[in-house]
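**Q** Using mature numbering (1 follows the signal peptide of the UniProt record, and there is no 0), the letters of the sequence shown map in sequence onto residues -16 to -1, 1 to 134.
Derived from the structure by calculation, the hints contain no laboratory data. Built from N, CA and C at the ideal position, the CB exists for glycine as well. Hints should not be assumed to be uniformly reliable.
Claimed, not checked - Now the in silico label distances, taken between C-beta atoms and shown as ranges:
| hint | residue 1 | residue 2 | range |
| --- | --- | --- | --- |
| 1 | Arg128 | Phe15 | 35 to 45 Å |
| 2 | Arg92 | Gln126 | 40 to 50 Å |
| 3 | Ser96 | Gly64 | 17 to 27 Å |
| 4 | His124 | Arg90 | 35 to 45 Å |
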Amino acid sequence: MPWPLLLLLAVSGAQTTRPCFPGCQCEVETFGLFDSFSLTRVDCSGLGPHIMPVPIPLDTAHLDLSSNRLEMVNESVLAGPGYTTLAGLDLSHNLLTSISPTAFSRLRYLESLDLSHNGLTALPAESFTSSPLSDVNLSHNQLREVSVSA
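Could you put together the complete structure from these sequences and hints?
**A** What follows is the structure, given as structure tokens:
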């Protein structure tokens, strides 16, 4: 086998599944030379509000909690060791009407947040101060006020 092809096979990503919280699906994507790095995508959508907080693997990069009929999100809902590494969080299609100002305070690496299709009417200014968010989806809410602080 030619060296460039062998190197390409060693660097390209592969996806596998791993044991997960009952009802959730955990998909592991490995990448890097000899699959030396891995990130986990956890899909816990459609399970209902009783599942919170969900224990997730330590290397979880994306968590899907959409369509769970969640009515509130606070710091204790998004607590646990696996939550600190989240880069993406999907809370769309729930029943959220408000967000605690500290709900995302422990999610220091959160870059993408989907809060679409909820009943949010306002967001506290402090909601996103501790995360490097670059993509926030707030569509299909009843927002009347969005406070932003630097």
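**Q** Now tell me, hint by hint, if it's right for this structure.
**A** Do the hints match the structure? See the list:
1. Arg128 with Phe15: 35 to 45 Å: holds, 43 Å
2. Arg92 with Gln126: 40 to 50 Å: Hint violated: Cβ distance 29 Å, outside 40 to 50 Å.
3. Ser96 with Gly64: 17 to 27 Å: holds, 19 Å
4. His124 with Arg90: 35 to 45 Å: Given range 35 to 45 Å: violated, Cβ gap about 27 Å.
Checked against the numbered hints given earlier, this structure breaks hints 2 and 4; the rest are met.
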